Amino acid sequence: METILIAFATGLTTGGLSCLAVQGGLLASSLSHQIENTVQLKQKPGRKKIPRKSVKPQFALPILIFLLAKLVAYTALGFLLGLLGQMFQLSILTRAILQIAIGVFMLGTALRMLNVHPIFRYFAFEPPAFIRKKLRKTAIEAKGSDLSTPAFLGFLTVLIPCGVTQAMMAIALGSGDPLQGMALMFAFTLGASPVFFAVAYFTTRIGSKLEKHFMRFVAILILVLAVITIDTGITLAGSPISLSRLFKTSNSVQANIIPNTVENQSQVTSTTDQTNPSNNSDQYSSGTDAESFTISINVENYGYSPDVIHAKADVPIILELKTDNIFSCSRAFVIPSLRIQKILPATGVETISLPAQEAGKKLPFSCSMGMYTGIIIFDL
Amino acid sequence: MAQKITLKIEGMECPNCSMILESMEDKLDGLLQVEASYHKEQVKVEFDENKVTISRIKAEVQRLGYRVVDEG
Chain P
1 METILIAFAT
11 GLTTGGLSCL
21 AVQGGLLASS
31 LSHQIENTVQ
41 LKQKPGRKKI
51 PRKSVKPQFA
61 LPILIFLLAK
71 LVAYTALGFL
81 LGLLGQMFQL
91 SILTRAILQI
101 AIGVFMLGTA
111 LRMLNVHPIF
121 RYFAFEPPAF
131 IRKKLRKTAI
141 EAKGSDLSTP
151 AFLGFLTVLI
161 PCGVTQAMMA
171 IALGSGDPLQ
181 GMALMFAFTL
191 GASPVFFAVA
201 YFTTRIGSKL
211 EKHFMRFVAI
221 LILVLAVITI
231 DTGITLAGSP
241 ISLSRLFKTS
251 NSVQANIIPN
261 TVENQSQVTS
271 TTDQTNPSNN
281 SDQYSSGTDA
291 ESFTISINVE
301 NYGYSPDVIH
311 AKADVPIILE
321 LKTDNIFSCS
331 RAFVIPSLRI
341 QKILPATGVE
351 TISLPAQEAG
361 KKLPFSCSMG
371 MYTGIIIFDL
Chain Z
1001 MAQKITLKIE
1011 GMECPNCSMI
1021 LESMEDKLDG
1031 LLQVEASYHK
1041 EQVKVEFDEN
1051 KVTISRIKAE
1061 VQRLGYRVVD
1071 EG
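Residue numbers (the numbering used here), protein chains in the order written: chain P, 1 to 380; chain Z, 1001 to 1072.
One chain only, chain P, in its complex shape (with noise of 0.2 Å):
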């Protein structure tokens, strides 16, 4: 329930704008409808004047079916995302390499819509020339009743989902079961679609000035969520170097030379050598012999602590990972290297065992989505 409660607060937060920008030019191709029908009324000659309200464009209605079409289409998406995700298990490797490239589409998107160099239109996806066609010639038929336009679009959408959705759609991929997957979708989609609607809706009326100034607003956030992307699919891949690595390090290495801190550091001790167990006790654990030592990981919903463990090399080792009313990725816990993934419950206690490592070896781990990094360091 608290995933689909977050994938809800996602679209509510991020979900809107991002698919306003990648998916707003099929609203308004089916906004233009209304919008070309006001003009001609306008401009019909011989017409009595008509009052400006009475040719005011209704706007609300066609977006408001856009969202419903795109709603019941993403949900489906869920439902098949989570079917597929069940059916295959994506390696780690190949997530990240869908991560990144996710990234990159982001970064076309958003170049794209700054209008830094033509190539970027190719990151924009055209719909072939036949059901341009189809879709028009459904629009004239329709006639009076234009709605059939905003339907057909909003379940076009799919087609096109923006840098966040297809992060969702990664995550009801990888939850490998169609009604997780389905409620993820239909939560993140709900919640994307006030700010849809409502940025949508007064664009419409606020000029092609302001919604050009707005679309390079959100073409630098887009801007800004593909650099992350991309880091947390490098993050994903196991590299030790990455943006959001980088910045970890540094913090940890400030907090390795505090005296007698054990908040970021965590060091592996075997029962003979641990000298005084009562400090260490919630940090660290102790292994069951000398010949295995066990690290103790408290798996928190914005990260792991200690997220930088100096462990003793040449050893196996026993990862102990602690949950308790955890509900965010850090649950999905991968270490890429070894190809070890494991979804830890929401409360208790899960072990991985580890292979010795040689000395001098770093093993980054992370959650599946690689937001949340970690590093075992064999150093003692």
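Hints are computed from structural coordinates only; laboratory data are not their basis. In this text the structure is predicted, and so the values were computed from the model without any measurement. A couple of the hints might just be wrong.
Stated by the list, open to error - A few chain Z residues facing chain P, derived, Cβ under 8 Å:
1. Glu1010
2. Cys1014
3. Pro1015
4. Ser1018
5. Glu1022
6. Ser1023
7. Asp1026
8. Leu1031
9. Tyr1038
10. His1039
11. Glu1041
All residues carry an ideal CB built from backbone N, CA and C; glycine is no exception.
The hints should help you fit chain Z onto chain P, whose structure is shown.
Quick look at chain Z alone, frame taken from chain P:
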């Protein structure tokens, strides 16, 4: 007699501008086929020169909010 022309367009902001430009086909008599491309910023028009002139087509493009920068 059918003629073909390719117009280079300025002002196509999104892929849906293609649809808007292609809507000329339904409004202007004498247009046989209109195919626009947002990627290439162009519109290919096949028309009957006995029914419609190039300048009339250009004027329609302008009316839709775009600018013809080149033709070939």
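Checked hints:
| no. | hint | result |
| --- | --- | --- |
| 1 | Glu1010 | 11 Å, violated |
| 2 | Cys1014 | 3 Å, holds |
| 3 | Pro1015 | 4 Å, holds |
| 4 | Ser1018 | 6 Å, holds |
| 5 | Glu1022 | 6 Å, holds |
| 6 | Ser1023 | 6 Å, holds |
| 7 | Asp1026 | 6 Å, holds |
| 8 | Leu1031 | 13 Å, violated |
| 9 | Tyr1038 | 5 Å, holds |
| 10 | His1039 | 5 Å, holds |
| 11 | Glu1041 | 7 Å, holds |
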